[in-house]
Amino acid sequence: MNNADKNQLKDVVFKYLGVFASLIGIILLTIFIASIISDGLKRIDWQFLTSLPSRKADRAGILTAWTGSLWIFFLTALISIPLGIAAAIYLEEYSKKNRLSRILEINITNLAGVPSVIYGILGLEIFVRTWKLGGSLLAGAFTLSLLILPIIIVATREAIKAVPATIKEASFGMGATKWQTIWHQVLPSSAGGIATGVILALSRAVGEAAPVIVIGALAYVPFVAQSPMDEFTVLPIQIFNWVSRPDAGFITNAAAGIIILLAVTFLLNGIAVYLRYRWQRHLKW
Amino acid sequence: MEPSKEKSADNANLEKQKESSISFDFTDSKKEIKLESKNTNVFYGDNHVIKNVNLKIREKTVTAFIGPSGCGKSTFLRLFNRMNDYIESFHMKGEILIDKKDIYDGDIRVEDLRKNVGMVFQKPNPFPKSIYENVIYGLKIQGIKDKKILQAAVEESLISAALWDEVKDQLNKSALALSGGQQQRLCIARALAVKPTVLLMDEPASALDPIATSKIEELIHVLKNDYTIVIVTHNMQQAGRVSDKTAFFYIGELIEYENTKDVFINPKHELTERYITGRFG
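Quick mapping for you: the protein sequence lines, in order, are chains A and B.
Numbering-wise, the first sequence is residues 0 to 284 according to numbering that gives the first Met the number 0.
Numbering-wise, the second sequence is residues 0 to 280 according to numbering that gives the first Met the number 0.
Nothing false has been slipped in among the hints.
Short derived list, chain A residues pointing at chain B, Cβ under 7 Å: (1) T165; (2) G172; (3) G174.
DSS-like mimics (lysine-lysine), calculated; alpha carbons at most 25 Å apart, straight line: (4) A/K167 - B/K139; (5) A/K167 - B/K194; (6) B/K194 - A/K177; (7) B/K122 - B/K167; (8) A/K167 - B/K172; (9) B/K144 - A/K177; (10) B/K139 - A/K177.
Going by beta-carbon spacing under 7 Å, a handful of chain B positions derived as facing chain A: (11) E110; (12) R113; (13) K114; (14) M118; (15) Y136; (16) G137; (17) I140.
What the hints contain is simulated information worked out from the structure, not anything from laboratory work.
For clarity, every value in this text was computed on a predicted model and none was experimentally measured.
Beta carbons: idealized from backbone N, C-alpha and C, even for Gly.
All chains should be built: construct the whole structure from the sequences, respecting the hints.
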């Protein structure tokens with residue numbers, strides 16, 4: 000075997016290694032989803048979706064968990080979207096580039112890497128104890144907002160950065176103020192990117208269990224939350240709780256719960272893709 | 000040739016510069032002085048990019064700024080609508096007067112200034128919106144919502160920018176679907192819609208083909224009747240064709256400022272002559 004042959008072989012080997020590497024994630028995910036669906040799909044029916052939790056597996060439902068997740072989704076969105084976008088606009092468009100702003104930037108980026116359970120402890124101290132919100136939806140939403148703010152800020156900044164400087168220049172040149180330029184040019188042009196970042200961040204918030212457990216969200220909530228001050232549970236906690244029961248019926252429930260959670264997450268991601276598409280079409284690039 | 004040839008370039012530059020503010024043409028004194036720069040110096044940090052420039056521009060004339068890249072002509076142009084304000088290291092000394100009022104005074108609002116001093120940029124930069132939305136942008140941000148006023152402004156501005164006939168049936172089409180030359184005329188229409196009195200053009204045709212370029216030049220000829228136009232250009236023929244007066248800049252200094260035909264036929268300064276004849280490094 001000469002050198003050229005060897006190089007040829009290396010090429011082929013590397014190609015298949017690459018194929019294997021890209022397929023492994025998809026294969027494992029497919030196996031996982033297939034086994035979950037085969038375990039849990041038969042359990043999903045109207046009764047499962049509309050029943051409160053119960054000690055008997057076949058009577059237990061997921062109503063409090065999915066309504067809790069929905070509450071958390073909207074409350075977290077309400078808190079984190081304005082804060083995150085405002086912070087990103089400030090950092091990108093207003094703040095002077097000096098040492099302070101660089102420290103701020105580095106820290107926000109670092110915050111995105113802090114383990115979620117740490118945010119849970121922070122939330123427990125600030126929102127549950129100091130603000131006396133207890134283990135309420137509001138405390139959970141604030142905690143999860145802290146968790147996803149860095150993600151929203153980073154994504155929004157990237158989207159804003161991608162708006163061509165020539166567009167901003169044109170707007171300023173027409174006598175627009177900074178805010179008018181941001182409102183009429185920068186935000187519409189970056190809305191697609193911002194929406195994508197926001198929804199990915201929110202679907203992470205909906206999937207988190209650790210921080211909400213730390214702030215005291217309960218596994219057993221025998222009622223549907225009526226106000227932001229009510230106690231709550233969310234899908235990941237309910238799933239975790241069911242998985243840890245020895246009864247095989249609850250394992251099936253957990254599988255069904257996972258399907259619901261995955262469906263919610265895929266739905267949110269779908270909305271993100273759709274919004275991105277719509278905004279880009281609305282903008283006449 | 001000229002005696003300045005023997006002198007060191009720097010000394011000669013300074014001398015010419017003093018001369019240029021004196022040798023301002025007063026024959027056309029029916030027209031008011033619209034723009035004026037008095038002992039203007041610009042710095043980017045420690046970098047001295049505009050060196051003590053004095054110059055007066057009369058209303059309803061076309062003035063071309065020429066000079067090699069990096070000579071400060073664009074920076075100087077952008078002093079007149081304060082577009083340099085966004086550069087953090089920018090600071091200036093001296094005065095820039097429009098209608099005898101210093102536009103760097105504290106009581107001047109840049110937004111008001113820019114409604115009076117429109118700008119057209121090197122690369123056509125329409126907003127990613129419809130043609131209609133582009134033209135009304137300046138009016139919209141002033142809070143004008145009356146459909147009739149907006150519609151009239153769109154038609155008037157597009158006619159002034161010689162674009163109306165080409166786009167009147169497709170005002171809702173994306174501005175980005177237009178050709179480069181049409182986009183640039185749209186940007187001119189957008190600037191005209193707020194009824195400025197001064198138009199600054201920063202190499203408005205450098206990204207366009209010859210046909211689109213000649214349309215812009217024809218337009219400048221017409222617009223001169225109503226607006227004071229200052230144009231930065233790298234194209235000598237263009238400066239010769241469109242402008243009444245030409246200012247030649249070299250490394251931040253105003254070397255020569257004369258009637259255009261004098262600058263091109265009988266340049267006083269050796270640097271100018273070398274530049275316009277293309278004998279420059």
